[in-house]
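A.B. asks: Sequence:
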Amino acid sequence: MSFRMKFFPSIPLAGPLNPISQKAATMSDHVLSSSSSSQCNLGMLLLDGITSTTYTKAQKQWRVAYIAIHFTLSLARDSSSVPCKTSQHTRAFKRWRLAYTVISISQSMLSHVRQKLVPYPPPAAAAAPPPAATPPPPICTIVEIEETVQPPPILEIEDDVDGACSSFRNIDQARLAEMVKEKDLNELSRFGGIKGLAKALQTDPEDGTGGDDRDVSLRQRTFGSNTYHKPPPKGLGFFVVEAFKDTIILILLGCAALSLGFGIKEHGAGEGWYEGGSIIVAVYLVVGVSALSNFRQERQFDKLSKISSNIQIEVARDGRRQKISIFDIVVGDIVFLAIGDQIPADGLFLKGHSLQVDESSMTGESDHVEVDSVQNPFLLSGSKVVDGYAQMLVTSVGMNTAWGKMMSSITQDSNEQTPLQARLDKLTSAIGKVGLAVAFLVLVVLLIRYFTGNTDDENGNKEFTSGRTDINDVFNSVVNMVAAAVTIVVVAIPEGLPLAVTLTLAYSMKRMMADQAMVRKLPACETMGSATVICTDKTGTLTMNQMKVTKFCLGKEELVEDYSGLISPEVLELFHQGVGLNTTGSIYKPVSGSMPDFSGSPTEKAILSWAVLELGMDMEKLRRSCSILHVETFNSEKKRSGVSIRKTADGSIHVHWKGAAEMVLAMCSNYCQSTGTIKSIDEERTQFETIIQGMAASSLRCIAFAHKQVSEEDMQNIGDGKAYTKLIEDDLTLLGIVGLKDPCRPGVKNAIEVCRSAGVRIKMITGDNVFTAKAIAAECGILEPNQQVNSEEVVEGVQFRNYTAEERMRKVDQIRVMARSSPFDKLLMVQCLKQKGHVVAVTGDGTNDAPALKEADVGLAMGIQGTEVAKESSDIVILDDDFASVATVLRWGRCVYNNIQKFIQFQLTVNVAALVINFIAAVSSGDVPLTAVQLLWVNLIMDTLGALALATERPTDELMHRKPVGRTEPLITNIMWRNLIAQALFQIAILLTLQFRGKSIFNVSEAVKNTLIFNTFVLCQVFNEFNSRNLENWNVFTGLHKNQLFIGIVGITIALQIVMVEFLKKFADTERLDWWQWLICTAIAAASWPISWVVKLIPVPEEPFFTYIRGLGSKMTRSAQAHLT
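Counting along the sequence shown from 1, when you hit position 805 you're at 805 in the numbering used here, and nothing is skipped either side.
Please keep in mind that the hints were generated in silico from the structure rather than gathered at the bench.
The C-beta atom is built at its ideal place from N, Cα and C for all residues, glycine as well.
Careful: at least some of the hints might be erroneous.
Calculated lysine-lysine pairs in the DSBU-like style (CA-CA distance at most 30 Å, straight line) [claimed, not checked]:
1) 741 <-> 638
2) 426 <-> 405
3) 639 <-> 548
4) 1066 <-> 963
5) 605 <-> 647
6) 426 <-> 548
7) 351 <-> 405
8) 405 <-> 548
9) 1066 <-> 245
10) 183 <-> 199
So the derived label-pair ranges between C-beta atoms look like this [unchecked claim]:
11) 613 <-> 307: 33 to 41 Å
12) 307 <-> 237: 23 to 31 Å
13) 434 <-> 961: 31 to 39 Å
14) 374 <-> 854: 44 to 52 Å
15) 475 <-> 270: 34 to 42 Å
16) 270 <-> 1075: 53 to 61 Å
17) 967 <-> 433: 23 to 31 Å
18) 1007 <-> 469: 16 to 24 Å
19) 851 <-> 325: 24 to 32 Å
20) 1054 <-> 268: 33 to 41 Å
21) 1102 <-> 686: 51 to 59 Å
22) 969 <-> 461: 53 to 61 Å
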C-alpha cells in the first residue's frame, strides 16, 4: 500500500472541538508521547516561531501547511511500520483505520495551532510599544479557516495492489463508453460538460495529461489500454491438419496402411513393415515440411500486420505536442486530429474548426458528420477526418470502444490469393489432370500385365497364376500398383508452385521492410514487377520535405536580412495574425529558454519558424489579443486556407488568407508596402506574376498572404445570414510572398535513371505551379536540363482536364510533368494510362489521393507525410517517403516474378521427366523404376527444398535492364520452354538408357540398376537447380556466395541422398553403391551444365510460343474455310 497526500490551502476547521475532535485530541496526546514525539516537538517548536514580525500572511500559511504535511507523513510512516496485533484486521480495515487516525490527529494539531494563533491587533494598537516589564506575546496570523459541512480530504490513499486510482473511482467507464456511442448530450451534462469531464479525468485542456510513466500506467490500469483482443494465431498443428486434408495424401496413407498390413502378414512384424512404413514416414516428412513452411509464413504476415497497424498519433502531454503509438493512448489524452487521420479512440471535441468525419466504417452512413463542441461533440474510434482539424479528449480506449470490439472479432486472412497464385493454380490444375491421366494409364497397364501373367517376381517366376496365387499376394501386389500410380500423381501435381509463391512473397516482404517499404497487400509485390509507368508526387518523394523560407517579398521589393525593423508595426501585426492564427502547426517554448519547438507540416513549421525568428512573433501574446471566429482549412483542391478573427482591443474583424501565390494573388485588388501604404494592384499585377515565376524558376514553393478588414454586416451577408460561416474571398490586400526551398533528395536522380533503364516511365504530378515543377523535374532528371521542353510534355491539371477523351488518350504517353494538378487530375491520368494497357504505380500522401491510389495497379502511400486514409487505400507504404525506395520496390517486384519463373522451369522439368520415364517403363516392362518412397523423396526435393532455394534469390542489377513484363506477357516464356524441354529430354534419354541397358552396360543386378536410376535422377535435379538460377545467362554462379540458403539446401539435399542410398536400404528400397558408381551418377548429372550453356546460345522469338501456335491454327482454319467456299 502507498500513500499520496493532497493539501488544500483552506483547512476547514473552526469553532470548538466536537466530540470526535476531542477524542482525536486525546488520541493524539497518546501518539505524540510515543513513536512520533520527536516530530511533534519539532512541529510545536516551528509553530511557536511564527510571528508577524518575521513572516507575511502567505508565508505563515505555507509554513503551517509544511508542518502539517511533514507531521502527517511522519505519522503515516511510523503507524505503517507497527504490526497489527490481531489477525482479524483485514488490509482494508487497517487502511481506513490509519486514514481516520491521521486525519483526526491532523485536525487536533491544527486545533492546537488555532489556540496559539491570535488576530492581528488594530493598526493603532500595533503602533504602541508593549510594556517593557512583560515580554510580548507571540503575535501570529490566523490561517484562513472555514466551517464546512463536508471537509475536503486531506489525505488521499492510493492502493497499488488494486491498481485503481481513487481519483478516478467516481468515473464509470461503461457510462463514458455508452455516452459517446449513443451521442448522449444529457449524460455529458451530468459529467459537467466537456470541461467538467476533463477536470474529472485530471486533464488540462491546454497542456494535456502529466505524461509521466506513472500517470500513463495508472490510467491504463484504471481505464484499460488502447488495444483489442485478437484471436490467437494459427499454430503448427493447424497447418499439419490442413496438409492432411489433401485427398492425394489421404489415398497414399490408405495404400500405405494396406501395404503395411499385407507386409506384416506375409513377412512378419520384423520385416513386413518396411514398404508400408516407408511410405508413411515419407508422407509425414512431406506434410511436416510443408506445414512448417506455412506456419513460418503465417508468423511473418502476423508480424507485418502488427507493424502496419502501429499508427503514430500526435498528443499533448505535459504541455508539449508529441507523437506516440496509437497503442499508447490513454483516457484523458488530448489528441490532435487533421484531415485524413483515423480517430484512434472514442472521445469528445475540445476545440477546432470545420471538423467533418466519415463514420461509415462504424455506422454505415456515407454522409459526412459535422462535429462541434455544442450540438455534436462525440467522436467515434475508427472514423476518418475528412475536413478541418480539432483537438479531442479521449474518453474510452481499446475494448471499451465499439471499434475495438468489432476489430477483436475480425480475423485477418493472410491466405489472400494474388493474381500470380491464381494463374499458377490454373497451371497446377492443368498439369495435375495430365498427371492423373498418365497415372491411370500406368495403373491399367500394370494391372493388365499382372493378371495376364506378364510380370515376374524377384526369382524370375510369374507373379500371378490363376487359381494358384494366394489372395493375400494378389491384394498386396494390387495395392503396390495403386500406390505407385498415386505417387506418380503426387509427383506430377506441382503443388510446390503455390508454396514457392508464398515463400518468395514472405521473403521479399521481409527484405522490403528492411528497405523502407511495407507491403500491405500481397498482390502488390508481384504486380510492381510488371509496372510500366510510375506517377510520383514531388514534395517529400522527390524532395526532402525540409522547407525553409529563403525569399521574402513585401510589396514589389525583396527584403533580405534583419527586415523586421523595416516593416511598420501595423503591417508586422497583420503578418503575425496571418501566420500565427491561420495555421495548423503549433509552437512549444521550453522553460529552459532554449530554441522553441515547432510542430505541424513541413510548410507550416517553416513559416512559423520564419515568423518567430525573423518577424519576432509572440504566439502567446497573439492568441490573447485575438479570438478566432471561423476557419477554412487547407486542402489540395483549394490550395489555400483562411481565417476570420476578432481583435480583443477594438473588436474589429479581420480575414486572412494564405496559400498558393498565384491563387491568392488572383483574389487581391490591392497590395501593401512595408510602410503600410495600400496601393492598387491592377496596373502592377504583371510585376507580381513575374516575381512569383522568378521564385518558382529557382525551385521555390511560393506562398502568399492576403488580408482584409471587414464589418459585422459583411460577415452576415457572405454567410447567407449566418455569421462567421464563410470568408470573403475577393477585394483582398496582398501582404507579401515568401519562397520556400525544398531541396531534392540526394539519390533521387540515380533512382529515376535506374527506373528509366528498366523501361519504366516516370511522370511527376504536383500541386506546385508549372515553373517550380519544371525546375524540380529538371533537377531530378525527369526532364533533360538545358533542353527545350515540348509543350505537350509539361501541362497543367486544368489543361489536361479540359482535353477531350480522344486527346487525353493520344497525349497521355507524352506527358512527363503535370503541374497545378488536383487529385481528380491524378485519377484521370491513372485511368487513361490503364486504358492504354499500362501497369500503373502511383504515389500519394493526402486524403484526396485515395481514389487514385485505389485505381492504380499499385498504390504507394508515403509513411511520414501520408494520412491514414491514403495508407489504407494503398498497397505498399514507403516508410521514408523517398523515391529511391520506390525504385527498390520495383526491383523486388521484378525479383518476385523472376524467382517464380525460375521455380516453374525447375519444377516442370522434373514433372515431365518423371511422368515420361514411369509411363514408358510401365508400358514396356510392366514395372516402374522409381518406387513410391523414392518418388515422394523427389517430390520433397523439388517442391519444398527447391522452392526454398530458388524463391529466396535476391534482386540483381540485371533485372533492372530488362523491359517491363506488362499485362500480356505469358508466365512461361519462350526462353523457359527452351531450357525446360532441353533438360527434360536429356534426363529422359539418360534414365531410359539406364532402365533398358543399365544392367548390361554396368554389369550390375536389377536392384543396383534401379538404385543408379534413382540416384542419377535426384542428382540431375540438384545440378538443374543451379541451371535455374539464371534463365538467360550461361553463368549460373553469379552471386552464389551471397545466397547461403541456396548453398545450404543443396548441401542438405546431397547429404540426405547419401543417407537414403547408403544407409536406408530397407526404407528406400536401394542398394549401396561403390565410389565409382557414385562418380558415374555425378558425371552424368553434371552434364546438364554444359548442355544448359549450349542451349542458352539458341535464340528464341519474342512472340510467345503458344500465341504463334494459336495464330498458325487460326490461319489454317481460315485457309480451310476459304478452300471449302
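A.B. asks: Does each hint fit the structure? Answer for all of them.
C.D. replies: Consistency of the hints with the structure:
For the given pair, residue 741 sits about 22 Å from residue 638 by alpha-carbon distance, which is consistent with the 30 Å threshold. Between residue 426 and residue 405 the CA atoms are separated by roughly 39 Å; this puts the pair beyond 30 Å, and the hint is violated. Straight-line distance between C-alpha atoms of residue 639 and residue 548 comes to about 19 Å, which keeps the hinted pair within the 30 Å bound. A distance of roughly 53 Å separates the Cα atoms of residue 1066 and residue 963; the hinted pair therefore is violated under the 30 Å criterion.
At roughly 25 Å between alpha-carbon atoms, residue 605 and residue 647 fall within 30 Å of each other, so this suggested pair holds. Distance restraint check for residue 426 and residue 548: the Cα-Cα separation of roughly 56 Å exceeds the 30 Å cut-off, and the hinted pair is therefore not satisfied. Distance hint between residue 351 and residue 405 is fulfilled; the C-alpha atoms sit about 28 Å from each other, no more than 30 Å. As the CA atoms of residue 405 and residue 548 are separated by approximately 45 Å, the hinted pair breaks the 30 Å bound.
For the hint pairing residue 1066 with residue 245, the CA-to-CA distance comes to about 29 Å; that is within 30 Å, so the pair holds. Restraint check for residue 183 and residue 199: satisfied, since their Cα atoms lie roughly 20 Å apart, inside the 30 Å limit. Between residue 613 and residue 307 the C-beta distance comes to about 38 Å, which sits within the given range of 33 to 41 Å. About 26 Å separates the C-beta atoms of residue 307 and residue 237, a value consistent with the hinted range of 23 to 31 Å.
For residue 434 and residue 961, the Cβ-Cβ distance of about 36 Å falls inside the hinted range of 31 to 39 Å, so the restraint holds. Between residue 374 and residue 854 the C-beta distance comes to about 36 Å, which lies outside the given range of 44 to 52 Å. Roughly 21 Å separates the CB atoms of residue 475 and residue 270, a value that falls outside the hinted 34 to 42 Å. At about 32 Å, the beta-carbon gap between residue 270 and residue 1075 misses the expected band of 53 to 61 Å.
The hint said 23 to 31 Å for the Cβ distance between residue 967 and residue 433, and at roughly 27 Å that hint holds. The supplied range of 16 to 24 Å is met by residue 1007 and residue 469, whose beta-carbon atoms lie about 23 Å from each other. Between residue 851 and residue 325 the C-beta distance comes to about 29 Å, which sits within the given range of 24 to 32 Å. Checked against the given bound of 33 to 41 Å, the beta carbons of residue 1054 and residue 268, roughly 35 Å apart, stay inside it.
At about 56 Å, the beta-carbon gap between residue 1102 and residue 686 stays in the expected band of 51 to 59 Å. The hinted range of 53 to 61 Å is satisfied by residue 969 and residue 461, whose Cβ atoms lie roughly 58 Å apart.
Figure legend: structure checked against the earlier numbered hints; hints not met, in rising order: 2, 4, 6, 8, 14, 15, 16.
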